[in-house]
Amino acid sequence: METLAAGTTVLELVAVFVSAVSGGLAAVRKKFDVFGVLVLAWVCGLGGGILRDVLIGDTPPVGISQWPLVVAAVGAGLVTCVLHPGLARLRRSVIVLDAAALSLFVVQGTTKSLELGAGLLASVVVGVLTGVGGGVLRDMLVGEVPLIFADRQLYAIPAILGAGAVGLLWTADLWSWWTAVLVAVVVLGFRLLALWRGWLVPHVGVGWTGRWGRDSGSMDT
Amino acid sequence: METLAAGTTVLELVAVFVSAVSGGLAAVRKKFDVFGVLVLAWVCGLGGGILRDVLIGDTPPVGISQWPLVVAAVGAGLVTCVLHPGLARLRRSVIVLDAAALSLFVVQGTTKSLELGAGLLASVVVGVLTGVGGGVLRDMLVGEVPLIFADRQLYAIPAILGAGAVGLLWTADLWSWWTAVLVAVVVLGFRLLALWRGWLVPHVGVGWTGRWGRDSGSMDT
Amino acid sequence: METLAAGTTVLELVAVFVSAVSGGLAAVRKKFDVFGVLVLAWVCGLGGGILRDVLIGDTPPVGISQWPLVVAAVGAGLVTCVLHPGLARLRRSVIVLDAAALSLFVVQGTTKSLELGAGLLASVVVGVLTGVGGGVLRDMLVGEVPLIFADRQLYAIPAILGAGAVGLLWTADLWSWWTAVLVAVVVLGFRLLALWRGWLVPHVGVGWTGRWGRDSGSMDT
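Chains as they are written, first to last, in my numbering: chain B, 1 to 221; chain W, 1001 to 1221; chain Z, 2001 to 2221.
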């Protein structure tokens, strides 16, 4: 899979860079200092991968041990510090690039987990976490409820379908560089289509007001 | 320990299901979308176990690799999406089931850690984390301070006593399926008794207003 | 390195104790119950080390398996419960001790990671995380945005320089007990100097109001 490995390296750096920019912008908006922006960029760009590596037992995670990845993430943070007003105007471009990053992270995360023998189910879960984990960690660090849970965007569903497709193709011995690209493109396309057509995930029963009385322990009402 | 293994499997699924319901209800109350409810259910049902497995080095965690557990958690999420108004009326039943889940997670978490050779102290800590970890992760993901720290409920104390009892019985070579059941029942009983009698953990010194001035770095005042 | 090992053990306990006190004080201020104060003390004192051990694959983490460390952290929590009004008056002393704890954690965290073969870059990152991780976890558990990102204090910069110095000296085979002490003293001195002279990290572009419109998915604006 040399071609795939060489190909994903460049694409991986681009995905990390784009995700890191979104993290840096979140930090700028929250008026973090320069160090805070760099850390948020790093968390958003590499956080999903670090989660993946810890869950599949590959330590230390590549997100803290491989120079190109760390430089891409921290570099994105520095770029964000300097260019953030202009980046604000590039909203559409960044959304498309972010969707591409999602598809890449999902394919790469699921694949790495399968290669390390984690099993089909675990690899699908890990693939999804690699794709969405950076954003969740970023939201938690800026003190917000993770956007992905409440904004009704079809973000995790393309991720789950992509990770599942990777898992099935792998199990059926149909995995190669071009099936990898195919899955990534389908995930990207699904995400962009959902954005374009305004598809949303339904809320759950708005009528209930949750009158449980006093919460106790983990018995959240 | 075949009987114990077979017995805990069913009990374990019940414990995961109940905890997952409490997580799902928290998400519904916060108006998460369907995906958010499913994730919160999964985090609350299996989060403690994932924490346990990462800390004792058993990767990938069973909470992402074993179908029955994942199905139990996500299934509980789906059930919560559909039945949440009715679940609100079952408050008492859910509190009892949740106490049972706590006792089971604590016994099972401590035991697994001891079996993998983590040592007495680490296993007691891990056992407590398995019991309370799901709730803490859930509270953090919905943007709240973990309930367990401030609500004064005797939740962690039964957990610590249970994990400690498991550790001591194990070290004294008195561990078997019926001592496991005994400890679980005692933890459950303690928790329910504390709820019934209204026992609370004391606050710490309400008189102090904390006039440190400006916080700096990790030097929290 | 027997002398170093014996020396750091006592210093390590002091560092854990001091950090744990800062965690306990944060919990008291948030009106946590006694259990909550003890947990926050433990998280702040040992959280960085647990993060380090998970990232470099040393499980179970010493923060849950070694009695002296756990006793130091929980003991600090108990001391905080009893003496917190008086501790409030010791603000300056605690700030100095906390800076000492930072320098010690950074040197010890980086060294441990290098000894376990994690590589130069990963060890520097892990060293910084060992130093600042406890405070970040503490802030997240009390429901605040981590102070370290927005307060503009030179906290992480001394940490990064210290971890980097340890890494370079190690790689150049110049590592010994007295270079360890030297680096720790320099980090401490840098931190105290920054506090005394009021050096601050710059904010990033206050002029931008972040008009991205509706956030979508991980595309945080």
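Hints listed in this document are in silico derivations from the structure and should not be mistaken for laboratory results. Quantities reported herein were computed from a predicted structural model and do not represent experimental measurements. There may be inaccurate statements among the hints.
[Said to hold, decoys possible] In silico DSS-like cross-links for lysine-lysine, where the CA-CA straight-line distance does not exceed 27 Å:
1) Z:2030 - B:30
2) B:30 - W:1031
3) W:1030 - Z:2031
4) B:30 - W:1030
What hint numbers does the structure not satisfy? none
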